[in-house]
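Chains as they are written, first to last, in this note's numbering: chain A, 6 to 329; chain B, 6 to 329; chain C, 6 to 329.
Simulated from the structure, these hints should not be mistaken for lab results. A portion of the hints provided could be inaccurate.
[Unchecked claim] Heads up, simulated DSBU-like pairs for lysine-lysine below, C-alpha to C-alpha not over 35 Å straight-line:
1. B:LYS238 - B:LYS266
2. B:LYS97 - A:LYS257
3. B:LYS37 - C:LYS268
4. B:LYS97 - A:LYS34
5. A:LYS44 - C:LYS268
6. B:LYS281 - C:LYS37
7. A:LYS97 - C:LYS97
8. B:LYS44 - A:LYS44
9. C:LYS44 - A:LYS34
10. B:LYS238 - A:LYS281
11. C:LYS268 - A:LYS122
12. A:LYS97 - C:LYS266
13. A:LYS97 - C:LYS34
14. A:LYS266 - B:LYS281
15. B:LYS238 - C:LYS97
16. A:LYS37 - B:LYS122
17. C:LYS34 - B:LYS44
18. A:LYS97 - C:LYS158
19. C:LYS34 - C:LYS281
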Amino acid sequence: MQTHLRGRDMITTQEWTRSELDSVFEVAKELKRARALGKPHAHLRDKSLAMLFFFSSTRTRASFEAGMTQLGGHAAFIDSETTQISHGDTAKEMGEILGRYYDGIAIRQCDWGDGNKYIREVAEASRVPVLNMQCDVYHPFQILADMLTIMEKVGDPRGKTINVSYAYASSYQKPLSVPQSLILLMARYGMNVRLTAPPEFQLMGDIVEQARENARRSGGSFEQLGDFDAGFKGADVVYPKSWGCWLTTEDKEESAKIGGKYKDWITDSRRMALAKEDCGYMHCLPADRNIEVTDEVIDGPNSWVYDEAENRLHVQKAVMALTM
Amino acid sequence: MQTHLRGRDMITTQEWTRSELDSVFEVAKELKRARALGKPHAHLRDKSLAMLFFFSSTRTRASFEAGMTQLGGHAAFIDSETTQISHGDTAKEMGEILGRYYDGIAIRQCDWGDGNKYIREVAEASRVPVLNMQCDVYHPFQILADMLTIMEKVGDPRGKTINVSYAYASSYQKPLSVPQSLILLMARYGMNVRLTAPPEFQLMGDIVEQARENARRSGGSFEQLGDFDAGFKGADVVYPKSWGCWLTTEDKEESAKIGGKYKDWITDSRRMALAKEDCGYMHCLPADRNIEVTDEVIDGPNSWVYDEAENRLHVQKAVMALTM
Amino acid sequence: MQTHLRGRDMITTQEWTRSELDSVFEVAKELKRARALGKPHAHLRDKSLAMLFFFSSTRTRASFEAGMTQLGGHAAFIDSETTQISHGDTAKEMGEILGRYYDGIAIRQCDWGDGNKYIREVAEASRVPVLNMQCDVYHPFQILADMLTIMEKVGDPRGKTINVSYAYASSYQKPLSVPQSLILLMARYGMNVRLTAPPEFQLMGDIVEQARENARRSGGSFEQLGDFDAGFKGADVVYPKSWGCWLTTEDKEESAKIGGKYKDWITDSRRMALAKEDCGYMHCLPADRNIEVTDEVIDGPNSWVYDEAENRLHVQKAVMALTM
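With the rest of the complex left out, here is chain A:
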């Protein structure tokens, strides 16, 4: 158990050691039991977290806000539109000033090329921990929740195969943060990681390299596939979700048009049957129902999506309780 985490930022899991991340999971499990038992765990009494959102949110906002209340504190939902950022407040000023009022600053800024940069600038100026609620590059808390879910479902993740796959969606061009954070962390915990995507939907090169290196060190493996069906074959866990082809084009309409070539990349029962019998279906939600995945699969017995969403609460409470 690592006891030195007070004051630490969580921008990407890559900046935390395995031992530090293990401490997060250990505390998350304890806090999950405490909530199930109704056992008080107000480790952050009267402390507060600023949650600054530049993009819409259901699970993230709700789980951070409820989590802070359960820990005895408060999370303030701050829609960037209601602030004076448009009147000139800079990232540095936000870090300096919010850091003096609050005990932590959580930020969602997903704009391609800007999000991570903004969060880093706030963190540089802030005296309190900065938590990345999703940027253009990473989504660490989603993936910590995913890892906890996998541990709960399959036990030791080493040697298990996870297929991180592109899927088609029509709603909007989503960030790369979920698949990127997934391949990084899953490779680190010794899983056999498959990244399955069409040629136009590659992830950032340095992230892919880091994932490969993580796998090498952990004794896991990393491979890239280009065929949707192939990704499912023999997998223990599948995580097929949509993202934009940001490295091919930053034009959202162009990205949507390119995506349109892959409308058959939908997760259905036939594909699930290619995987292991008890293979888990994961998705960070919301999904484009019957476009990205059929109702039959997402609402079926192999779907872990609700347990996965619930674990957002527990891992986030663990990180907040340890760092704030």
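Position chains B and C relative to chain A; hints supplied.
What follows is chains B and C alone, placed relative to chain A:
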């Protein structure tokens, strides 16, 4: 005193027994005294309520939020526009997921034909109580506050006459939820209920039937009138407010045009003089001043509107403390 | 130490005695130390503050909300757009009703000619303290924070020279509330107050007269200058910021056009060199960087802007703890 209410939804008062509702009023009175005395009553320490709004709110949001704070917990104000519902989060998903983060889910969804349906779907999927903050059919907390106010003002409601009446307003086409919940509950507590409305402004047929049946069982009475002035005659309480003619047309402009035929349905001193001398004037607010009711009446000595608004706080705290 | 402040409004510092304001500073310093030491100070456990905003905010909302949490209570962020004010809720109704739910009501309403009037009407109807989070005339909490900062930086403010000056900005036409509240309070604490502005950018006449009278009583001084450079000469503190020429024209485009004549009213190193060597640069933020002030000055060693922003938290907690 009923002690088995933990986990119960409050979608309509019709689904709660008289004895259960009596427990709500008993607790509401106790909590009202506690607040007046500054006596701590943190029955929901570190618990939290999601308040999901699809429509604007002043009193409802404020009273639920302040109420949760007074009970030691927190209510999260969630404007549906800031969520990912538009990106695909379904009612079932909201119920499943918010139910895992929060200890209760309160919803306002007033769209004609959709609101109640949505709340029922969330409740079906949720493991925690779902509270109806107003839908297209019911507004239970408003009417519980109204009943408490009547009990405080006139004592035993049995045999007292309440006139639930249409009034003209120009601001927007309001839901049927207030008059419908009113006739249901007031008839249940043995009042003589008058429903006064123009022919185009009828309430839903099955609600009217249930109100009639409630009156029969309680020893009260139920009658329908078509003349505005007649509704006031000899009444102990009047509750004239506007609503849209949703059963005549779902077109809002058409509804406004039909309403325009009844511009003389305004509550003024002459009309109040037709009622009993100490007749109470009630309104859930906001009112269209000098269109729906004159300033003289709404600001006058017979107006109970502020005490009525205050009682929102106390009945809601009672239901939350009993169910969450 | 004044002990009778429970229930008092804070709309302008002018309505509080020197001795009452001294109590605020005394408590603010104590609460600042308590936070630095991690010493619990939950003086408002389970109490709540409504924060009603008609205008955007970063520091004000964050510092009030975090402050209430630190005091053990809760501040509700209420964007006026989400309420039913547009459906008819009057100022009187807001005061009556929010005053029954919450333990305090804080309001930001900066519309020229309307803001202060609105806050006064709410306060008239409210049974709980009303706190002015900025109106068209006053910004008392900003200036209390400014005074605390000056005391921390220069010690006894008597005889020190502060230059409250217009500066050019292009972002939007700002209220007069900051310079007006500044000249009132600084003159009251015995400072030599300079008000420097172009002819079109005068402040309200009665405010200027009160500032002059405050200076006379306190043994300070008050003078008006028309030359930007002259304002800096020998000053101990400079507070150059932009405002609209509301008394010349209420037309925002016209105001912007008139402001355009003064683009050289920018605070730079040359101007700072005219002041005393350790002269403090103050600004309530956000500033129009490199238009209103150069980065070199606002980010330089003489800039007090972050300490000034932080003190918002401490003075506001003091007023809330004393009044609510």
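So, going through the hints one by one against the coordinates:
no., hint, result
1, B:LYS238 - B:LYS266, "holds (23 Å)"
2, B:LYS97 - A:LYS257, "holds (30 Å)"
3, B:LYS37 - C:LYS268, "violated (59 Å)"
4, B:LYS97 - A:LYS34, "holds (26 Å)"
5, A:LYS44 - C:LYS268, "violated (62 Å)"
6, B:LYS281 - C:LYS37, "violated (59 Å)"
7, A:LYS97 - C:LYS97, "violated (41 Å)"
8, B:LYS44 - A:LYS44, "holds (25 Å)"
9, C:LYS44 - A:LYS34, "holds (30 Å)"
10, B:LYS238 - A:LYS281, "violated (75 Å)"
11, C:LYS268 - A:LYS122, "holds (32 Å)"
12, A:LYS97 - C:LYS266, "holds (31 Å)"
13, A:LYS97 - C:LYS34, "holds (26 Å)"
14, A:LYS266 - B:LYS281, "violated (74 Å)"
15, B:LYS238 - C:LYS97, "holds (30 Å)"
16, A:LYS37 - B:LYS122, "holds (32 Å)"
17, C:LYS34 - B:LYS44, "holds (30 Å)"
18, A:LYS97 - C:LYS158, "holds (23 Å)"
19, C:LYS34 - C:LYS281, "holds (27 Å)"
When each numbered hint is compared with the structure, violations occur for hints 3, 5, 6, 7, 10, 14.
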